[in-house]
Amino acid sequence: MNNRLFKERISMIALYGFTGCGCLVLAVILATVFTKGAPAISVSFLLEETRNFGLEGGILYQMAGTLILMTGAALVCLPVALGSVLFQTEFLHSPKLKKIFRLLIYSLNAVPTIIFGLIGYLFFGVFLEAGVSWVTGVLILAVMILPTLHVSIHEAVESIPKHYREAGLALGLSPGQQMRAVVLPQSLHGIVTGTLLGLARAAGETAAIMFTATAFSGVRLPQSWTEPVTTLQTHILVLAQEAANPKALTHAWGAGLVLLMLVFILITATLWIRSGLEMEAER
Amino acid sequence: MNKHPMFSERGPAFWWTGFTALIASGTIFILFVSLVIESVPVFKAEGISFLWGTDWFAGEAYGALPMVFGSLVVTGLAVVIVLPFALGSAILTSEFLNGRLRLMVKAAMELLAGVPGIIYGLMGIALLTVWVRDVFGLIDGNTLFTAGLLLAVMILPTVMTLAEDALRAVPGEFRDTALSLGLTRMETVLKVVVPEALPGLAGAVFLGLGRAMGETIAVMLVIGGIDRIPQPWFNLFAPGQNIPSKIGREAAEALGFDVQWSALIALGLLLFVMVMTLTSAGNFLLGKAR
Chain A
4 MNNRLFKERI SMIALYGFTG CGCLVLAVIL ATVFTKGAPA ISVSFLLEET
54 RNFGLEGGIL YQMAGTLILM TGAALVCLPV ALGSVLFQTE FLHSPKLKKI
104 FRLLIYSLNA VPTIIFGLIG YLFFGVFLEA GVSWVTGVLI LAVMILPTLH
154 VSIHEAVESI PKHYREAGLA LGLSPGQQMR AVVLPQSLHG IVTGTLLGLA
204 RAAGETAAIM FTATAFSGVR LPQSWTEPVT TLQTHILVLA QEAANPKALT
254 HAWGAGLVLL MLVFILITAT LWIRSGLEME AER
Chain B
8 MNKHPMFSER GPAFWWTGFT ALIASGTIFI LFVSLVIESV PVFKAEGISF
58 LWGTDWFAGE AYGALPMVFG SLVVTGLAVV IVLPFALGSA ILTSEFLNGR
108 LRLMVKAAME LLAGVPGIIY GLMGIALLTV WVRDVFGLID GNTLFTAGLL
158 LAVMILPTVM TLAEDALRAV PGEFRDTALS LGLTRMETVL KVVVPEALPG
208 LAGAVFLGLG RAMGETIAVM LVIGGIDRIP QPWFNLFAPG QNIPSKIGRE
258 AAEALGFDVQ WSALIALGLL LFVMVMTLTS AGNFLLGKAR
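In the order they appear, the protein sequences are chains A and B.
Everything in the first sequence is counted per this note's numbering, starting at 4 for the first residue and increasing by one.
Everything in the second sequence is counted per this note's numbering, starting at 8 for the first residue and increasing by one.
Isolated chain A (complex conformation) (with noise of 0.2 Å):
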C-alpha cells in the first residue's frame, strides 16, 4: 500500500482513538456515579436529615446548604459583574485600559480556590466577624464566580450590532438609558448563561468552602448570619474518607449523584440556550 496513504490511516485511527478516550471518561463518569449512586437514592434519602454521622437519613439538609450557599452568590456575583461589565464597555474608552481590565478578570479566574478560602476567611470571616457561617461561604462563592459571570455577560455586549447602539444614540439617549433601552435587553442570554454557569460552578465547589463555611453534622438550616450550613460536596468529603465503611460509601454516591445532576442540569441548560441562539442566527 502506498506509504503516505498508509501514515494518514494510521494517524486518523490515533486520533479517533484519543478523541474516543476523552469522550470514554464522560460516560464512565456518569455511568459510574449513576450505578453507585441510584440504589442509594430514595424518597427518605432525599426528604430526610442525616442521621448516624452521615450513616443513616438522608441529605436534605445538605442540598438545602447547597442550594443556599449557590443561589446567594450568583444573588451578590450578578450586580457587581453586571456593573463592572458595562463600566468596561460603556464608559472606559481606552483600548488599552480595556485590555488591562480584561486581563484582570482572566487573573482572576485562574486564583486556585483554596486561596479564596484562604483570603476570603481573613476578610469576611474575621475582619467582618461573620466567622465560619453561610455568609462567609456566600460572599467567598461570590468573589470566586465573579470571572464567570464577567466574561459571559461581556461576550454578549460586546455582541450588540453597532446599529442598535446608534440608533439609542440618534435618540439622544444618555448612557444610564442607553443602558436601560438598549444593553442590558440585548445582552439578556449572556447574563442568564453566564448565571447558571457560576451557580454550577458554586455547587461543584468545596477547596474554597470546606474549611470557612460547613459543619459536618448537627446542622439543620441556618439560623442566623454566623451559622454554618451543611452541603453536598463537604458531606461528600467528610463520608468519602471513611471510604473503608460501605454505608459512608454508599451514601457519598447517592449525594454525589445529586451533586452532579444538578450542575449537569445547569450547565445543559446553558448549552441549550447558546444552540438556539446560534440556530436563530443562522437564520
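It is worth saying that the hints were derived from the structure and are not from the lab.
No false leads were slipped in.
Taking lysine to aspartate or glutamate pairs in the EDC-like style, the calculated list, with each CA pair at most 16 Å apart, reads:
no. : chain 1 : residue 1 : chain 2 : residue 2
1   : A       : Lys101    : A       : Glu158
2   : B       : Lys198    : B       : Glu180
3   : B       : Lys198    : A       : Glu11
4   : A       : Lys102    : A       : Glu161
5   : A       : Lys101    : A       : Glu161
6   : B       : Lys113    : A       : Glu281
7   : A       : Lys10     : B       : Glu194
8   : B       : Lys295    : B       : Glu203
9   : B       : Lys295    : B       : Asp172
Being a predicted model, the structure only gives us computed values, none of them experimental.
With chain A fixed as given, assemble chain B onto it according to the hints.
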C-alpha cells in the same frame, strides 16, 4: 479637545458601574497583598529558608520544599499524560468532524469541565487508588502518580477546548493551499495547521498547567498526604503532598493568626505566584495566536 476622552459623561450610572468595576478589578490585588502581609510571620520565624526547608512539624518547623516539589511533579505528570488525548481530540474535532459531531464533542467537553472536583475525588478514592494499587502492585494506592493521573482527566476539557479554538483560528487558505499542493489531509494538518497554531496550542497547555496546579479537593483525597520528597526523588509511586492539598488539610485546624496559619498563607502565596506565572504565559501565547 482630546479625541478619545478616558471616560464618557459622568452620571449616576458611571459612578455605580465604576464602583462595581473597582471591586472586580481590585480583588486580585487585595488577594495578592493579603497573601504577602499574612505570610510575614512565618518568614520572620523561619527566615528565607522556609522556601527550601524539608521539614514541616506544626508548631516547630515549617519548610515548603516537599509541597512545592509535589505540586511541580503532579502538575507536570498531568500534562504529560493529557497531552496526546487533548491534542488528538482537538485536531480531530477541529479538522475532521462535521458540524453535528463537533458540537457533540464540544458539549461533552463542557459537561466534563463542569463535573465537580469532589466527584473526581470520590471516584479517585473509591476506584482509581484501588486500580493503581493493584495494577502496579503497591501497598497503598495513594501516590503522586495517582494524583497526576486524576489531574490529567480533570484538565482534559480545559486543554482540549482551548487547543481546538487555537486550531480553528488558523485561516482556511492555509489548508486550501496545502491541499492544492497535493498534501493529504493529515499532512496538511500536521505540517501546516499545527505549526501555524503552535503559540495557541502552547498557550492552551500553559493554562491547563495553571489549572492543574491549583486544583485542591480531588488531589487532596488521593495524593497520600505525606510531607516528604520521595526516595529516590523520581519515585512517583510514593505518597507525597502538594500545596493545595497541604492547605486544605491543615487550614481548618490552623484557622486564625498563629505561625502555622501564616505558613499556610505563605504556601498559598507560592502557589499564587506559580499559577499566575503559568497563566500569564498562557494568556500571552493565546493573545499572540489571536
